[in-house]
Each structure stands twice: as C-alpha cells, then as structure tokens.
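Visitor: In order, the protein sequence lines correspond to chains X and D.
Quick note on this note's numbering: the first sequence kicks off at 1 and runs consecutively.
Quick note on this note's numbering: the second sequence kicks off at 1 and runs consecutively.
The reader is advised that the hints may include incorrect statements.
[Stated by the list, open to error] Straight-line alpha carbon distances no greater than 27 Å define the calculated DSS-like cross-link-like pairs of lysine-lysine that follow:
| no. | chain 1 | residue 1 | chain 2 | residue 2 |
| --- | --- | --- | --- | --- |
| 1 | D | 32 | X | 3 |
| 2 | X | 3 | D | 91 |
| 3 | X | 265 | D | 132 |
[To be verified] Now the in silico label distances, taken between C-beta atoms and shown as ranges:
| no. | chain 1 | residue 1 | chain 2 | residue 2 | range |
| --- | --- | --- | --- | --- | --- |
| 4 | D | 24 | X | 246 | 43 to 53 Å |
| 5 | X | 3 | D | 88 | 20 to 30 Å |
| 6 | D | 143 | X | 246 | 29 to 39 Å |
| 7 | X | 188 | D | 128 | 37 to 47 Å |
FYI, nobody ran anything at the bench for these hints, they're computed from the structure.
In this text, all values refer to a predicted model and were calculated from it rather than measured experimentally.
By construction, the Cβ of each residue, glycine as well, lies at the ideal position given by its N, Cα and C atoms.
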Amino acid sequence: MNKIRKQYLPFARAGIQTLIAYRMNFLGFVIGGLIYCFVMYYLWKAVFLSSGGSTFMGFSMTDMVLYLFLSNMTSQLTFSSVSTDIGEEIRDGSIVMRMIKPVNTDMSYLFTELGGAFMKLIVFGLPVILGLETYRFAVSGTVMFDPLNFLLYFVSASLAYLISFRVNLCFGFVAFYVKNLWGIGILKNSIIGFLSGTLIPLAFMPDILRIILEYMPFASMSYTPVMLYMGKYEPTEILLRISLQLVWAVLIYGLSKLIWAGAVKRLSVQGG
Amino acid sequence: MIYAEHLRKEFKKIVKEPGLKGSFKALFRPQKEIIAAADDISFHVPKGEILGFIGPNGAGKSTVIKMLTGILTPTSGECRINGKVPQDDRKNYVKEIGVVFGQRTQLWWDLPLTETYSVLKEIYEVSDEDFKTRMAFLNEVLELESFIRSPVRTLSLGQRMRADIAASMLHRPKVLFLDEPTIGLDVVVKDNIRQAIMKINKEEQTTVILTTHDISDIELLCDRIVMIDKGRNVYDGSLRELKAKYGQTREMHFEADPNAGLTPEKLLKGLGASDEHITVECDRNLFKVRFNSAEIPVAKMLNHTLSVTAVRDISVKDADIEEIIRCLYKEGADGDE
Numbered sequence: 001m002n003k004i005r006k007q008y009l010p011f012a013r014a015g016i017q018t019l020i021a022y023r024m025n026f027l028g029f030v031i032g033g034l035i036y037c038f039v040m041y042y043l044w045k046a047v048f049l050s051s052g053g054s055t056f057m058g059f060s061m062t063d064m065v066l067y068l069f070l071s072n073m074t075s076q077l078t079f080s081s082v083s084t085d086i087g088e089e090i091r092d093g094s095i096v097m098r099m100i101k102p103v104n105t106d107m108s109y110l111f112t113e114l115g116g117a118f119m120k121l122i123v124f125g126l127p128v129i130l131g132l133e134t135y136r137f138a139v140s141g142t143v144m145f146d147p148l149n150f151l152l153y154f155v156s157a158s159l160a161y162l163i164s165f166r167v168n169l170c171f172g173f174v175a176f177y178v179k180n181l182w183g184i185g186i187l188k189n190s191i192i193g194f195l196s197g198t199l200i201p202l203a204f205m206p207d208i209l210r211i212i213l214e215y216m217p218f219a220s221m222s223y224t225p226v227m228l229y230m231g232k233y234e235p236t237e238i239l240l241r242i243s244l245q246l247v248w249a250v251l252i253y254g255l256s257k258l259i260w261a262g263a264v265k266r267l268s269v270q271g272g
Numbered sequence: 001m002i003y004a005e006h007l008r009k010e011f012k013k014i015v016k017e018p019g020l021k022g023s024f025k026a027l028f029r030p031q032k033e034i035i036a037a038a039d040d041i042s043f044h045v046p047k048g049e050i051l052g053f054i055g056p057n058g059a060g061k062s063t064v065i066k067m068l069t070g071i072l073t074p075t076s077g078e079c080r081i082n083g084k085v086p087q088d089d090r091k092n093y094v095k096e097i098g099v100v101f102g103q104r105t106q107l108w109w110d111l112p113l114t115e116t117y118s119v120l121k122e123i124y125e126v127s128d129e130d131f132k133t134r135m136a137f138l139n140e141v142l143e144l145e146s147f148i149r150s151p152v153r154t155l156s157l158g159q160r161m162r163a164d165i166a167a168s169m170l171h172r173p174k175v176l177f178l179d180e181p182t183i184g185l186d187v188v189v190k191d192n193i194r195q196a197i198m199k200i201n202k203e204e205q206t207t208v209i210l211t212t213h214d215i216s217d218i219e220l221l222c223d224r225i226v227m228i229d230k231g232r233n234v235y236d237g238s239l240r241e242l243k244a245k246y247g248q249t250r251e252m253h254f255e256a257d258p259n260a261g262l263t264p265e266k267l268l269k270g271l272g273a274s275d276e277h278i279t280v281e282c283d284r285n286l287f288k289v290r291f292n293s294a295e296i297p298v299a300k301m302l303n304h305t306l307s308v309t310a311v312r313d314i315s316v317k318d319a320d321i322e323e324i325i326r327c328l329y330k331e332g333a334d335g336d337e
C-alpha cells in the first residue's frame, strides 16, 4: 500500500500540476459546464410550465434543478479522458514511453487522472453543491442538506468514477485495432450521455427501458450517485444500487485487464 | 548479458491501391500484407560493452530495440537480457534498463524538469542519498543546472535530449538502450552526451546498445558494431575491421585556382590509377574527387593534386557510415545473383 502511495502519487501530483499549467483550459471547462447546466435548466423549466402541474413524473422543479446540476457535475467529475489519451498515445507511439517504466500502465493513467478529478471536485464540485443547497434553502426555507446522503453520494460517485475510467480504458484499447479514435469517441460520448441519464433522467423513461438501463453499467456512472444524493432510494434499494456498482466495477476491471493482455501482443508502434 | 536469437517481428499492413477508388476498396475489403520488420536477427553483447547497432533508415533497428525493451513481442525468436525475457515480466524487467528514444521524450511535458526527476526517483525507488549523488553526477556531465527549473516544453532540443539521457541513467540501469540519442544536435551537445555515455560505461560497467547515423558517435564510443539491413544481420564485428574492408573511400573537395585551368583529365593524368578507384566531378573550379585510399594513399592524392594546380581550399573526408552501408548492401545483393 505504501509502495502504491509512493509510486503512483507522483502521477496524481503531476496530473494536478498539468491541469494548473493550463489554467484557462480548466476555467473554460468549468464555465462551459455551468452554461450547459443553465441551458438545460431553462429547457426543463419550459417543460414544467407547459405541463401545468407542480410535479412532473415525480420530480418537482426543485428536484429537477438539483438533478440537472448534480448529474452534469457528476458526469464531469467522473468523466475520464483516458480513452482519448491512450488512443492518442497509441496513434503517435508515445505509449512506448509509458511501457519502459516499471509501473502498471493502467494505474499510471488512473492516478494522473485522479489528480485532475480531485482538482475538479474542489474547484467545481464543492461550489456547485454549495450553490444548490443555498437554492434549496431559499426555495423551501429549511436546510435540506443531508450529510448521510452526501456521504453515500461520495462513495457512489467514487465507484462511478472507477467504472467510467475502466469503461473508457477498454474503449481506448480499441485504438490498438483502429489507430484513430476520434469518430467513434464522439459516438461513445453521446451513447453514454443518453444511457447514463445525464441527458434525460432515467426515471422519465418507459418502465422496461428504465429497468434495463438501471442495471447497465452506464447508470452506475452518474445516475446512481445523483439519486442517492437526492434521497430517492429506500434503504434496501441503496444497498442494491451500490452493490450493483461494485459488481460492475469488478467486471469491467477484469475485462480491461483481459483486453490489455491481448492488445499488448499486437501493439505495433507507429513511427520512430 | 544480452542475447538475441533469431528475432523476427511481423507487422500486418493494409495495402491500398492508389487514388480514391483504392481508398474505398481498402475500406471495404482490405488487402493485408505481412511485412517482416525484423527477420532472423541474432547477436549478443557481453557486459560492459558499448555496441553500435546500425543500419539505414527502415532497416528494423527500432523494432529490434523495442523487442529488447519489452515493448513489442517478437513473432518468433527469443531475447534474454540479464537472464530475463523482457516480455515475461515487463514491470520488473524495465527496472534494470534505461531507454532513450531520441525522437520521443519521457519527461513530463508541462512540468519543470526537477519534477520529472523526483517522479522517476519514486518510480524506480531510488533512495534519497543515492538520488543526491546521482543528480550531482548527471548535473556535472550533462550540465542540467541552467534549465532544471524550466518546464520541459520550453527546453531546446539539445537541453531536452540531455535531460532525457539523464532521466534514463537516474536509476543506475545495468543496460542502456539509446536509440539515436544525438539526432539533430550540435557538436557541443553531442560531445556532452558522448562524455556521459562513456563515463557511465566506464564507472559502472553499464552495457550500452546505441543506434545512430553519426559515424563519430560510433568511432568514439563503440567497441563493436552490428549492422542490419532490411531486417537482417549484415555485419557483426569491430569498426576497425569494417572500415579496413569497406571504408577506404575518401572524398576530396577543393577549389582550384581559375588561372590554372584545371580539368578532370589533367588531374587524372600521371596519377596512374584505374577508373574503378577514382571518380572526379567538377563544377567550374569546384572539384569533388572520390578515391579508394587503399589503392591511392591520401598523401599521394594530395601531393599529386597540389603538384598539378594551385588550390584555394582543400579537404579530405572519411567515408561516412551511409557509404559503408551502401557498399555492404551492394555486396550482399551481388552475392545473391
């Protein structure tokens, strides 16, 4: 454990420093994310106004605001760019520089990204949560913040991150076969955006579709933690959802290891 | 120390017919062709030797280096370094080697150089004390001090290469793989890097495999060379032998005094050399003479030239490595017939 800390923590540190080195990039990322949330907010507000009632499919307008901002924030926090990173490194051959180091290739990616994720949590995640709680307080007049739900959210979001990282890693390995990932990368992001409930809450979908999607790994990537934060689950369901995330995390971990073992044998380094 | 036995690496390549039509064809029904980038390469290197691993572009040098460093898995054949097969346990194996690919960098692009070294220190589990003495040593030979706090992306090529070489030596590797470490560098930096390689080889008995296109790298550093071409071994032996055998071509350049009215015919007259040993090209007063120094000693050539004409500037160059390779390759091709 100590060895992991010593060997991989530098990667996390480097991840943070790299993020800071490109401050404007990061700022643009935060502001862009917020603008997107507000656009979605006005869109859903219009939906609510036209539906006439104070709730829509079990969601009040306050719920909806919470959901929109939380799910966007969560999917940003759990977003992993490892697929483009590894795809790029395979395409230009710089992956060889990773392979000559005595570290696990996937772990080095993970920790570099964790550094960035940590920064995002501090600079982006916490202010958003603070803002949302202020909003809820202003609307209802009582403090709605529930520390237990927040804790559950944190645990579940961490699992969500691990799943998202491994899914993207698997996807990145596709670059061993196709050499350039840009096109299917866009396809992947829109599919995940839809299937994970970031675009439209899964609760709004037809029952059969919703049940199927809730059991797929994509729901584990942002929907589950958000629903936990909002306290939408009964205790038994909380247990089910988190165990489901665990199962997916383990399965996808295994899958990524399997693909890597096969892919590394057919690595053909381009250039140099 | 290093054993490579019958190494072969095949790549699949999609063959595309020319033009748009060809591109569409390749999209739907790709024609695959198997290319052997390395084909039956064998050599071994004893501990403490500096081996020059040379060959023309595309000969398969980098492919072999990548197999030896555990990045690529050979299609067939085997390599063993330090008694280990690189592909078996890559993570443990690479602890004992240092690698520089001249066209790439292992430095953290956006971070100050010192950060890269402290990361490497942790990765390779170098103790604090060791790290200090090591950095002092590398600082001294490679002169890193002036830019060690700058972000890597702001470094010049020469600085970056010195930094990369230092990074590969930080953990006292037993074997050092240097793939074109002097590419694109000026003479001062090249010298710097050669000093570092020599010093580390002498002081720590580090085995070095070096690929380069620079003949002076080889002359100054290498005890032995292995030459490959088109994925096959073509030569294995000392540089002196090779040069004695193939490297006797010299090139003489001079500018003749325009008043002397020198022509190639006049220059050749009285030298008594047959056509196969000498060729003369001239562009007004600028002469380029290539001759075989085994048949026509350099001194004789110079004396003769100076006796037939007044010259403004004269120089004699050694055959470069490309020339020797061309010779070797031509011989190989002739042998096939």
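Visitor: Hint by hint, say whether it matches the structure.
Guide: A quick look at each hint next to the structure:
no.: 1; hint: D/32 <-> X/3; result: violated, 45 Å
no.: 2; hint: X/3 <-> D/91; result: holds, 14 Å
no.: 3; hint: X/265 <-> D/132; result: violated, 38 Å
no.: 4; hint: D/24 <-> X/246: 43 to 53 Å; result: holds, 47 Å
no.: 5; hint: X/3 <-> D/88: 20 to 30 Å; result: holds, 21 Å
no.: 6; hint: D/143 <-> X/246: 29 to 39 Å; result: violated, 53 Å
no.: 7; hint: X/188 <-> D/128: 37 to 47 Å; result: holds, 44 Å
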